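Peer 1: The primary structure of each chain is shown beneath.
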Amino acid sequence: MNSTVALLLCGPAALLATAILAAAASRLAAATRLVYGATLAISAVLLATAASHLAGNPGEASATLPLGLPWTGARFRLDGLSAFFLVVVNLGGTITSLYGLGYGQHESQPHRVLPFYPAFLAGMNLVVLANDAFSFLLSWEFMSLASWALVMAHHRDEASRRAGYIYLVMASFGTMALLLAFGLLAGPAGTYAFDAMRTAHPDRFAAGAVLVLMLLGAGSKAGLVPLHAWLPLAHPAAPSHVSALMSGIMTKVAIYGFIRVVFDLLGEPAWWSGVAVLLIGGVTAVLGILHALMEKDLKRLLAYSTIENIGVIFASLGLALAFKANGMASAAALAFTAALFHVLNHSFFKSLLFFGAGAVLSATGERDMEKLGGLIHRLPVTSFVFLIGCVSISALPPFNGFASEWLVFQAILRSPELPQWGLKVIVPAVGGMLALSAALAAACFVKAFGITFLGRARSAAVERAREVDRWSLAAMVVLAAFCLLAGILPGFVIDSLSTVTLPLVGERMPVQMAQPWLSIVPIAESRSSYNGLLVFVFITISASLAAFFIHRFASHALRRGIAWGCGFPDAVPAAQYSAVSFAQPIRRVFGGFAFRSRETVDMPAPGALEPARVKVEMHDVAWEIFYQPITGAIDFATERLNHLQFLTIRRYLTLVFLYLVILLLVLALWP
Amino acid sequence: MNGLTFDIAHLLAGSLVLISFMMLYQDRLFALINVFALHAVVLALSVAWQAYIQDAHHLYITAAIALVFKAIVIPVGLHRIIQRLGIHRDIETAVGIGPTMLAGIGLVTLSMVLMLRVTPEADPLAREDLAFALSIILLGLLVMVTRRNAVSQVVGFMSLENGLVLAATGAKGMPLVVEISVAFSILIAFIVIGVFLFRIRERFDSVDIGALDDYRGERR
Amino acid sequence: MAVIFELAVQGAQMLVVLLLSPLLIGFVRKVKARLVRRQGPSLIQPYRDLVRLMRKEVVLADNASWLFRVTPYLIFAATWVAAALVPTFATGLEFSWTADLIVIVALLGSARFFQALAGMDVGTSFGGLGASREVMIASLAEPAMLLIVFSLALLAGATQLSTVAAFMGSPEVGLRVSLGMSLIALVMVAIAENARIPVDNPATHLELTMVHEAMILEYSGRHLAMIELATFLKLLLYMSLIACVFLPWGLDGASAGPKALAVGAAAYLCKLAVLAILLAVFETAVAKMRVFRVPDFLGAALMLALLGTLLLFVSRSL
Amino acid sequence: MSGFSFDAVAAILFIPAGAAAILAAMPNYKMTALVNVIASLLTLLAALSLFVTDRPAPGQYLLVDDLNIVFIVLNTFVGFTTSVFSASYIAHELETGRLTAPNLRFYHAMYQIMMFGMNLAFVSNNIGLMWVAVELATLTTVLMVGIYRTHEALEAAWKYFILGSVGIALALFGTILVYMAAQPVVGEGTNAMVWSVLIEKAAHFDPALLSVAFIFLLLGYGTKVGLAPLHAWLPDAHAEGPTPISAVLSGLLLNVALYAVLRFKLLLAASPQAIGPGPLMVTMGLTSLIFAAFMLYRRRDIKRLFAYSSIEHMGIIVFAFGMGGPLANFAGLLHMVMHSLTKSAIFFAVGHIAQVKGTQKISEIRGLTESHPGLGWALVIGVVAIAGLPPLGIFMSEFLVVSSTFARHPWLAIPLVFGLLIAFGALLLRLTGVAFGEPRGGMAPVEASYVPMYSHLALVFAAGIYLPAPLVAWFQHVAGILG
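Residue numbers (this note's numbering), protein chains in the order written: chain A, 1 to 671; chain B, 1 to 220; chain C, 1 to 318; chain D, 1 to 483.
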């Protein structure tokens, strides 16, 4: 039993112990501080361990406990992949706990959050460590269960109850899909250990079925369209720091599951599997961000943008699959690295943004952007870090979001070397989708920041807003710093990812830290290169140069006055552009096919006094196509079958009698 | 065994099936009960005959129970109940006589077919017995499901049980036959008392769906 | 020694773009004025405007935040860096490898991002109007631009502008349909990005039609100067982009020595002049379109770019 | 056979019988409750002693082997916990006056007789004796279901009684047929009804007779297992009887009938030419599962809801045993044990909830986790367990059933998973309504006995993450026996 793994297993154990203690002591006043402090410490230890493993790169280590499935035992294994995802999980866990130290104080019913929060963290850690199907699924579903309990924390409002319900049903649907996938991988003999699955290669059809089932199972947890319906309901319903965990971290655990099975256990992929994943990823990215643009609830907007990022990640995973299937190891390594890098980045800025939303929520009590505005004056620090989050997620240099998307595009540019025509044509198209989603993301977050923090206050709640506590601010500032660092020093991250990519796609990206001036060069400098650090330095220098010159040689006089606004008299704040009106042009452009949206204007008759009204009706197409029929069918079946509860005894006897006769007939006709 | 004993046993069992058909045909309660009394008598005879040919004396007890209890006590009791509940005028078949008869014929053939698949090595008497018993049981069930009235369903159940007794006695040296027949008599007593005491009104299914809904909040 | 020379060249380029861009604008305006038989302002009018603006005091709306005041410098810096990284009179500059074409597009994206935010900061309805229309246009223009980048990169096997330019200069390019399509798409995108007619009218202040102007409505004084300069730089950037990709003649490595550089500079000026005249003619020829026709316009660009990319495979396979 | 071990088996039978006699005579209800608990405890101890002592050789009437010892221990354990629960439950019923002291005397006596019947059914080595025992248990439960004398209670009892009697008759006919099949081979007399003998000789029996017999037995005992479409009595009996009885019905009586079915399945499996029992059981299992899953949605009465979930789980278990093979049988056994524990725990909780809220209507119960955290969270854990979520025991069995089925017969796994998901949706929907939201209904603090339900849940939880090696070996051995 390897010591590292032992240490890593003690972590979840400690977390579970914390959960139990929290359940016992959750009504104490100090409980919040204690619990989040404990989780902070534990996650930090786990983070350090995993990071050192990833950096030190001593290969794999495994351990087996006499738990779980009797004849398999609970197996755990630490390799590059799980180490990386452990880093992601526990980095998120650490910072979220830090945030929770402050934010948790606002919780009205702490006893509904505190016990489940450590359990949730423990579940995610265990998923990443598990090395047999049973432990994996157990931890997976335990993770869902804990997060469900957290979603139900505010159980008094109808919305979160509904969210929780849909969430857990979808989660167990996903688990069933994974269960079937593992059933196929394990075979009739029931060898549930991953090591055994790794060696046994399923035939083509089985492999295809496993891929589809993984897309269903892991995809439903990660939020791939059309399995995303639960995500924008559940993530916002939870307390904000939990939303950050669910959106920033849990979706990544789902991606880990996908990678573990498809890249590791399944053996050599078929080229069409790449096509499937690519297309789903591209569509998910575009639809997700379009939905986000239409939202006016800040947290729901963030949840939808999570869907977009998941799409980007899956697209580049699909690219990696396609390259791997054609034996282009270096290109596969590039795409795979890009995906993992984006995983890390998204965990940074999505957590940051959800923290910001939480700060806004606790400062104003509002999630609806139509009631916010002008917060930049009230929450200076929060607004600044939120702005950094927005810039990062909009993939703008020199921040981290751009670095990973740039790598994705570089990977896409390798596509002409692919032999299959389908891929040759599809990959650039998907590239176009990704570019579109990136541009829309920028639009979306201009809206998110502009409506929430800029302009004038739209409600009295904003006037009373005060900057949030130190803990929350500290957490957000740390994340913002990470966003910048990962953006200007991408080479460091890429190199530390080499231990992950090497075993899974058989190749690694060239060493980046050796490059002059710390720039990153995926293939060759003559092809393409990017140096976030220099770009950052140049922009800073030239901006400050300009500022200096102007203030030195030109005027620096300044006068405050009322807004000009083309000479219109100062209108009420309600006259500002609102979230909906901001999105209107884009809705006109894309709404037609994405939401089947229709705008109707009813003008009053000339001289009539009532105002003209604009009605916009939009449809959640995925919901209407996939979910309503199912619920309808179930409703119909229950309605029909329910009559059987109300038969008379004679009728029940008749049932028995007929059944007997039928069986006897079967027997009589038996060969 | 010699042919005569076999023929007599065969005759008795066959006539039991015939009487079951007669039951299917009745649509008045009193008539039904009388026919059932006849059924019980014939059963008693055949059981006694089995007791004689297997010279298993404990079977005489079964025969006696059948005669006293089923042929006399129960029918009389049912007569009284019917008068109490004042339902002796009801026409109470849920399914028409014709279809019922057809179904009955189908059931008999079915049981014959099933039992003929049994390997001939088995004791021929047992085979015949089983075939007849099976058809009696199925016919009894048929009576139960084609009649609306509690009393006639009780009758159906009892004829079904007669079939069981027939089978049990037909099985050579089967232990516990007496105990079982006693247990069944008690069971039937329960049912009859249930009909009588609990005032399960005219039918088992008297408590209509609406009522169930009101009581259990199970309305859709 | 060589390093110093190269650094000098790089610095020279930065200054050149900075100093040349107002002149370019002045030139375009002059030509447009001539085309409609007007005298028009002098070539150096833009310089005068800038200086004047810088001297004026800034009138700041009451609830303008720090972001509003920082933005102009950010926009200017981002655009300037981007412009400095596009080969103008020489390729392979000292820092040209810090950013490839994608990064340059993204840098302009950052500039736009902040400009839109600044537009919403004061909280007038016009700011929001401008911002929302701007991001709508960008949401179509950027993918189109990236698809153009794809087709160029697929052709040249690189997104590094110097390499692309060198490749386009080399004989093996030949005449390709997809290149033509990319060129048209690029021009359309450039028109949209620079808020020129028919997408937007830089000279208008008519509320319902303006996009770019609406965002910077609240700016004044030195801030406005910064933004104006950034706009000039952007136009120059796109022109030099088109020049170095589609008319890469006379371009040479930065280390080629003074003589070659002089040739390159001369060639560059000619190209700029040609493109500017073309732009002026085009702008005088067409009328501004309704805002909600713009998506169709850019959609066409997007389709052209995608088509170019796909045709590339076909032509490759032949 | 060693003297003590014989005592052990005898004790399992005579302690309940004797206790019943005593209870029938005792006036004071507090005492009766206590005696009831003590008797159940003693029976449990006797059952446990079967592990340590060597077992009696199979006799004419009694038999203890690896298969039925599982059932015996489970039976006596749940019987004991239920008696503890029923003590507190019944006390409350007496206060509210739904039951009177004489009722209680009757109730407790009946309880012990029922335990006697079930234990007898398990240890009997004789198909006739088993039949008698099962009927005894059934009749006692019928009487207990009707104990409230309300209209619905009588209605339910009557339905149970009639359908049960028909079941009895069919099962008896099956038994007779088995005897007829055995008699030519084994010879006349009791031997032709003794399990241990039958199993050995089964290969030589007449396959046609055996097949007919199995159909009758499957329907007869299947009625008691509550397999659709023979289930009609089950929901009402659960809903209208006293909750301890609902717990016993779901937790134990269904297992008794299932045990009988399994025994005869073994018999049939031993005779190759007869029809395979597997397909029949798989079909019935899937039917019950899917049917019950859909029925769960429209339920308004909380006890009836969980009654239907019992049908669903019996379907899963029968399916698993029908699939056969070491994995599926192991899963079936595990699932049966887990279901007994979980479902009885749920009924414990539901009983107290119904008492404190004064209603069984789901629509009138809200926000339990807030008004009564102890009961509410117990219900949440119970439902989470019964819905097959980890880290609780049923997840493990469902994991094994589904994955092993999918690996062998993919097309059978699809409807299985479908049914599981449908049922999950319904249970969770109801749970969300009952356990969360604005509290509604009676707020009075409840003096509940939390020990039984939480001990059950603790066991289920433990089994979900850790099965002790001896238990596993033993289960695997039994699974091997079941073939």
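No wet-lab data here; the hints were simulated from the structure. Note that the structure is a prediction, hence the values are computed from the model and not measured. Think of the CB as a built atom: it goes at the ideal place given N, C-alpha and C, for glycine as much as any other residue. Among the hints, a few may not be true.
[Unchecked claim] Stretch-level coverage of chain D by chain B, calculated; a stretch enters the list once three of its residues show a Cβ under 8 Å from a Cβ in chain B:
id, segment
1, 202–213
2, 272–280
3, 377–385
[Unchecked claim] Now the in silico label distances, taken between C-beta atoms and shown as ranges:
id, chain 1, residue 1, chain 2, residue 2, range
4, C, 290, A, 571, 38 to 48 Å
5, B, 186, A, 27, 21 to 31 Å
6, A, 629, C, 299, 52 to 62 Å
7, C, 15, A, 569, 18 to 28 Å
8, D, 100, A, 665, 24 to 34 Å
9, C, 258, A, 552, 29 to 39 Å
10, D, 100, A, 65, 32 to 42 Å
[Said to hold, decoys possible] Capping the alpha-carbon separation at 35 Å, the derived lysine-lysine pairs in DSBU-like fashion look like this:
id, chain 1, residue 1, chain 2, residue 2
11, A, 615, A, 296
12, D, 30, B, 172
13, C, 288, C, 259
14, C, 259, A, 296
15, C, 259, C, 30
16, A, 424, A, 615
17, A, 615, C, 30
18, D, 361, D, 30
19, C, 259, C, 56
Peer 1: With reference to the structure, classify each hint as holding or not holding.
Peer 2: Now for the hints, and whether the structure bears them out:
no. : hint                      : result
1   : 202–213                   : holds (count 4)
2   : 272–280                   : violated (count 0)
3   : 377–385                   : violated (count 0)
4   : C:290 / A:571: 38 to 48 Å : violated (25 Å)
5   : B:186 / A:27: 21 to 31 Å  : violated (59 Å)
6   : A:629 / C:299: 52 to 62 Å : violated (33 Å)
7   : C:15 / A:569: 18 to 28 Å  : violated (45 Å)
8   : D:100 / A:665: 24 to 34 Å : violated (51 Å)
9   : C:258 / A:552: 29 to 39 Å : holds (33 Å)
10  : D:100 / A:65: 32 to 42 Å  : violated (55 Å)
11  : A:615 / A:296             : holds (16 Å)
12  : D:30 / B:172              : violated (51 Å)
13  : C:288 / C:259             : violated (44 Å)
14  : C:259 / A:296             : violated (60 Å)
15  : C:259 / C:30              : holds (32 Å)
16  : A:424 / A:615             : violated (43 Å)
17  : A:615 / C:30              : violated (47 Å)
18  : D:361 / D:30              : holds (30 Å)
19  : C:259 / C:56              : violated (43 Å)
This entry does not satisfy hints 2, 3, 4, 5, 6, 7, 8, 10, 12, 13, 14, 16, 17, 19, going by the numbered hints stated previously.
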